[in-house]
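Build the full structure now, drawing on both the sequences and the hints.
Those protein sequences? They're chains B and P, same order as listed. Each number in our numbering comes from the position in the first sequence (counting from 1) with 777 added on. Each number in our numbering comes from the position in the second sequence (counting from 1) with 39 added on.
Read the hints as simulated data drawn from the structure, not as lab findings. Check before you lean on any hint, since a few could be wrong.
[Claimed, not checked] In silico PhoX-like cross-links for lysine-lysine, where the CA-CA straight-line distance does not exceed 25 Å:
no., chain 1, residue 1, chain 2, residue 2
1, B, LYS864, P, LYS64
2, B, LYS864, P, LYS124
3, P, LYS64, P, LYS124
[To be verified] Estimated spans, in silico, between C-beta atoms of each pair:
no., chain 1, residue 1, chain 2, residue 2, range
4, B, THR848, P, SER139, 42 to 52 Å
5, P, GLU77, B, TYR868, 21 to 31 Å
6, B, GLU909, P, HIS75, 19 to 29 Å
Glycine is no exception: its CB is placed at the ideal position from the N, C-alpha and C atoms.
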Amino acid sequence: MSGVQLELDQTSWEPGEVLRGRVIFDPDQARAEVVEVVICWRTEGKGDEDREVCGRWFHRPGQNENAVPFTVQLPMLPLSYEGVIVKIRWYAEVRTRQDGVELTGLLKLLERILPGTEHRVAFQLGHVRAPEELQE
Amino acid sequence: MQACLCQQGTLPPVAIRISLACEEKAAYTDGTVTRHSEQVVYSQDIWSLLIEDRRHEQLNELFSVQVPPGAVHSFASAHNWITWKLVFQEELLSTGNRWSRDFPVVVVPGAEART
Numbered sequence: 778m779s780g781v782q783l784e785l786d787q788t789s790w791e792p793g794e795v796l797r798g799r800v801i802f803d804p805d806q807a808r809a810e811v812v813e814v815v816i817c818w819r820t821e822g823k824g825d826e827d828r829e830v831c832g833r834w835f836h837r838p839g840q841n842e843n844a845v846p847f848t849v850q851l852p853m854l855p856l857s858y859e860g861v862i863v864k865i866r867w868y869a870e871v872r873t874r875q876d877g878v879e880l881t882g883l884l885k886l887l888e889r890i891l892p893g894t895e896h897r898v899a900f901q902l903g904h905v906r907a908p909e910e911l912q913e
Numbered sequence: 040m041q042a043c044l045c046q047q048g049t050l051p052p053v054a055i056r057i058s059l060a061c062e063e064k065a066a067y068t069d070g071t072v073t074r075h076s077e078q079v080v081y082s083q084d085i086w087s088l089l090i091e092d093r094r095h096e097q098l099n100e101l102f103s104v105q106v107p108p109g110a111v112h113s114f115a116s117a118h119n120w121i122t123w124k125l126v127f128q129e130e131l132l133s134t135g136n137r138w139s140r141d142f143p144v145v146v147v148p149g150a151e152a153r154t
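Right under this line is the structure:
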């Protein structure tokens, strides 16, 4: 089980709003030196996946911290969309890192392929209707 | 939003239809090749014109284009696209021959509020 979890204050946000949530640490596990929250969108559906990171938040957890609030400014685009062969979904992801480790070369590539996300929470950005709702 | 249909020259009797369409496109890897898939997910006729007699003057017609409220905006990434377009279709009444031409439209969030 992961030693760090994410909670968001709400599941739906407006474009440009400040996303708020909490990083929750498992008290039984050793603290990572750096916690990183990443806000990103991914495409899902028939095409190959596209992904873009739109916001980051870093924190050095203390030994007695059980939960830390975080905020990230959300972008205006793209809005969440449940299409037929293209879907755009937003996620808040948390991962931990050991401080002072500079990633170079092969490690950077490995980190890109396997970013080591420990917990991921989906949320909705904006209010776009699905195609079948437009035809009604 | 308003659009203008202009066509020069003499027009034979034709039926013209214009629709607004949203298309999703995806590129995906299939073994060692990249394939493309397209699907029109929304299409609505927005304007039509029937010309029953040969017309000698230039065609200049204004019509309004309304993006449905809450519709998705245009989107492009490396392997996935959401595109909007005006589809112009013309049918020659004498022979039934048809042809069409697409005109891309960029839809931004909140576009329905500006129509």
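A quick look at each hint next to the structure:
1. With a CA separation close to 11 Å, the supplied pair LYS864 (chain B) and LYS64 (chain P) stays within the 25 Å bound.
2. Between LYS864 (chain B) and LYS124 (chain P), the direct Cα distance comes to roughly 19 Å. Compliance with the 25 Å bound is thereby established for this hinted pair.
3. Between the alpha carbons of LYS64 (chain P) and LYS124 (chain P) the distance comes to roughly 13 Å, so the proposed pair stays at or under 25 Å and holds.
4. Between THR848 (chain B) and SER139 (chain P), the C-beta spacing of about 49 Å keeps the proposed range 42 to 52 Å intact.
5. GLU77 (chain P) and TYR868 (chain B) have their C-beta atoms about 27 Å apart, which keeps the hinted 21 to 31 Å range intact.
6. Evaluation of the 19 to 29 Å hint for GLU909 (chain B) and HIS75 (chain P) yields a pass: the beta carbon distance comes to about 23 Å.
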